[in-house]
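Residue numbers (numbering that gives the first Met the number 0), protein chains in the order written: chain B, 0 to 150; chain V, 0 to 300.
Since the hints were derived computationally from the structure, they do not count as laboratory data. Keep in mind that the hints are not guaranteed to be accurate.
Straight line, CA to CA, 27 Å or less: simulated DSS-like cross-link-like pairs of lysine-lysine [what the hints assert, rightly or not]:
#1 V:224 x B:88
#2 V:230 x B:24
#3 V:133 x V:32
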Amino acid sequence: MRFMSEAERIHGLRSEIEHSIELIKRDRNIRSRRRHLDKLRSDVNALCEACRGLLRYAEPSDAGYSPADSPEISQRTFTRAELAQYDGKSGNPAYVAVGGVVYDVTDNAAWAAATHFGLSAGNDLTSQYSSCHASQQILRNLTVVGSLADG
Amino acid sequence: MDNASNCIEFSSKLAHGLVEKACETARKGELKKTDLVWLELTGCSGNIISLLDGGDPDFRFLATRMVNMVYENSLMAKQGGPAIEQLLGARGNEYILAVEGAVATRNDGLYNIIGTYEGRPLTAYRAVRLLGEKASLILAVGTCATDGGISAAAPNPAGCVSVREVVGRSVINLPGCPCHPDWFLGTLAHILLYGEPELDDTGRPVLFYGIKIHDRCSRRSFFDKGIFAEKLGDPTCMFKIGCRGPVTYTDCPIRKWNRRVNWPVQDNTPCIGCAQSGFPGGMEPFVSYDTTRTVAGSENG
Numbered sequence: 000m001r002f003m004s005e006a007e008r009i010h011g012l013r014s015e016i017e018h019s020i021e022l023i024k025r026d027r028n029i030r031s032r033r034r035h036l037d038k039l040r041s042d043v044n045a046l047c048e049a050c051r052g053l054l055r056y057a058e059p060s061d062a063g064y065s066p067a068d069s070p071e072i073s074q075r076t077f078t079r080a081e082l083a084q085y086d087g088k089s090g091n092p093a094y095v096a097v098g099g100v101v102y103d104v105t106d107n108a109a110w111a112a113a114t115h116f117g118l119s120a121g122n123d124l125t126s127q128y129s130s131c132h133a134s135q136q137i138l139r140n141l142t143v144v145g146s147l148a149d150g
Numbered sequence: 000m001d002n003a004s005n006c007i008e009f010s011s012k013l014a015h016g017l018v019e020k021a022c023e024t025a026r027k028g029e030l031k032k033t034d035l036v037w038l039e040l041t042g043c044s045g046n047i048i049s050l051l052d053g054g055d056p057d058f059r060f061l062a063t064r065m066v067n068m069v070y071e072n073s074l075m076a077k078q079g080g081p082a083i084e085q086l087l088g089a090r091g092n093e094y095i096l097a098v099e100g101a102v103a104t105r106n107d108g109l110y111n112i113i114g115t116y117e118g119r120p121l122t123a124y125r126a127v128r129l130l131g132e133k134a135s136l137i138l139a140v141g142t143c144a145t146d147g148g149i150s151a152a153a154p155n156p157a158g159c160v161s162v163r164e165v166v167g168r169s170v171i172n173l174p175g176c177p178c179h180p181d182w183f184l185g186t187l188a189h190i191l192l193y194g195e196p197e198l199d200d201t202g203r204p205v206l207f208y209g210i211k212i213h214d215r216c217s218r219r220s221f222f223d224k225g226i227f228a229e230k231l232g233d234p235t236c237m238f239k240i241g242c243r244g245p246v247t248y249t250d251c252p253i254r255k256w257n258r259r260v261n262w263p264v265q266d267n268t269p270c271i272g273c274a275q276s277g278f279p280g281g282m283e284p285f286v287s288y289d290t291t292r293t294v295a296g297s298e299n300g
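If we strip away everything but chain V, and leave its shape as in the complex, we get:
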């Protein structure tokens, strides 16, 4: 390739090396730990679960060596009033804010309440603004936080919007449904070691979102030869039946999931574009057998 920085394999090694560098620096006690506040807003909490599934480094390393996790409602021991006090007390120090889930805004945000503060419900809408205004950096984790995602799917009864629309400042976007643990950990490692990574025009780190799935898909040769799957289970390119790899910018084909074991196409299901703006509605149909070619089981079959 002419430009090594555009090479996905180079970026993967760079990302891996980045985290390794962060780990090594942390082991030596040279990494300046910063506070991390993780807010779960209008979503499924899938991103914190995904992060817990990370490996090399794992969540334990993140929480003990890289950051001080000040608040995370699913994992912290405190609950109720003391938990909210700890959340809001974070604003007294420097901290990075990670937000997953969209922000419900209808009825002043009463569709998503994350606690009680000053005797009244603390909505996600209010919390993200309170914590967002003083954070040194904001990371929107997962497609709901970056783009509204499933939470904002039509008809969007709760008036869900992205984090950036609410906080009114720049946000590092880490889309994905969920966000891959490496994308979060790698971005955080870069921030801790070198500062903010290079972002594309939608605020995503180029390190992880700089190339399309299509450009590194293991079935790309079938696409180029026009050999397409007619149904799920066919081992060829699933473009005709709805694969969104060609419009989705992530490194899933080479990074894979569940500690690099598998990814959707390898598991014989098309990419549904979960990390792309417009998901889910804009990526539908996820699978279709009514295509530009007749398929088995159709009226023409």
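Chain B on its own, in the form it takes in the complex:
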């Protein structure tokens, strides 16, 4: 299921990238061209993340993904300060940490405007997740992007 969601995400990003390229070609206004380039950069970064997601191997588990299961994931470690930068604002992706694992919720339907029931992306939400979703299998469907340094 995660593979399919990543593939769908890549397909969507590809459409967005093509659209941005076409807009850049046609638009003569420097300010709006700069905006299109920013979006293009953001989408290309997201595409790289999604491709990395396809390369990962993970076995679904109720507790979510364990960093030890993939050497690629265990190599990318976020400090809390670094995680805070991924708050879903100013063109940044939206990441959250649960149980020491960092997940990408940028395009997750439940995270409109990078927020979820009063919670903001860029934070360690382990306790909040446990108090609300402990009995649900949600983490297995999220894209893993790394681990939290002290998680």
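Fit chain V to the given chain B structure using the hints.
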């Protein structure tokens, strides 16, 4: 769909047919009218106004054919002492209690007084307990009644809580800001004809709250393709700028509002999750242009 009962279109037709069945039964004089007490507590009275805007059936049909409206402070002719006597006199018969607005509890409920009883202020806090203990069924109408809603928004100076927290018994929850008239009328019709409808784990009728807005949104194809609005007015998916359709369980996209004319997304404004637990604070920001993508007019634009 594998399970027709989960199909929102099936549920819509079922809900519509339900009310039609209630109307037909009432016309034939076969519907057993019950007393209805409607309490307006700590809220804006938006739910009774919404109910007055209902159609097919309308409020007139509800009040004349489906129930005996014993008490509703905005609509009844009596006022003052006689009105409160009529309210409390309802407890002598079988009645359904509909409550809109949250319940202010701080200072023994003195932040919301709905009348005078036995020479002292009758608070919403006391009234809902007096009427709640003897009601055959309690319907919490609107998000303030079901969840605290706007009345309980931080810092919640009046100590507002949901109806269920005060009455200490099961309550049928009909959230919404306001509650759609069809959700109330359809639930009431089901109660009158067949008894209590199937409820989800938060006490909401599955008939109206069994599917997310996101699952029936007219812009869902844009979401699936990753084509997102950057600002209000863009005709594409408003997920990035804050739409709460993906976490809100109502049938707004197909039932619509104002007698099925329009609904927020169709009117180019995102869903703000008004029928979901946590509204309003938990659904903020309602709109944001500072998102995972740069937008026009921002510093990067």
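Hints versus structure:
This hinted pair checks out: residue 224 of chain V and residue 88 of chain B have alpha carbons roughly 21 Å apart, not beyond 27 Å. Taking the CA atoms of residue 230 of chain V and residue 24 of chain B, the gap is about 22 Å. The hint holds against a cut of 27 Å. Only pairs whose Cα atoms come within 27 Å are accepted, and residue 133 of chain V paired with residue 32 of chain V is accepted, the gap being roughly 18 Å.
Of the numbered hints listed earlier, not one is contradicted by the structure.
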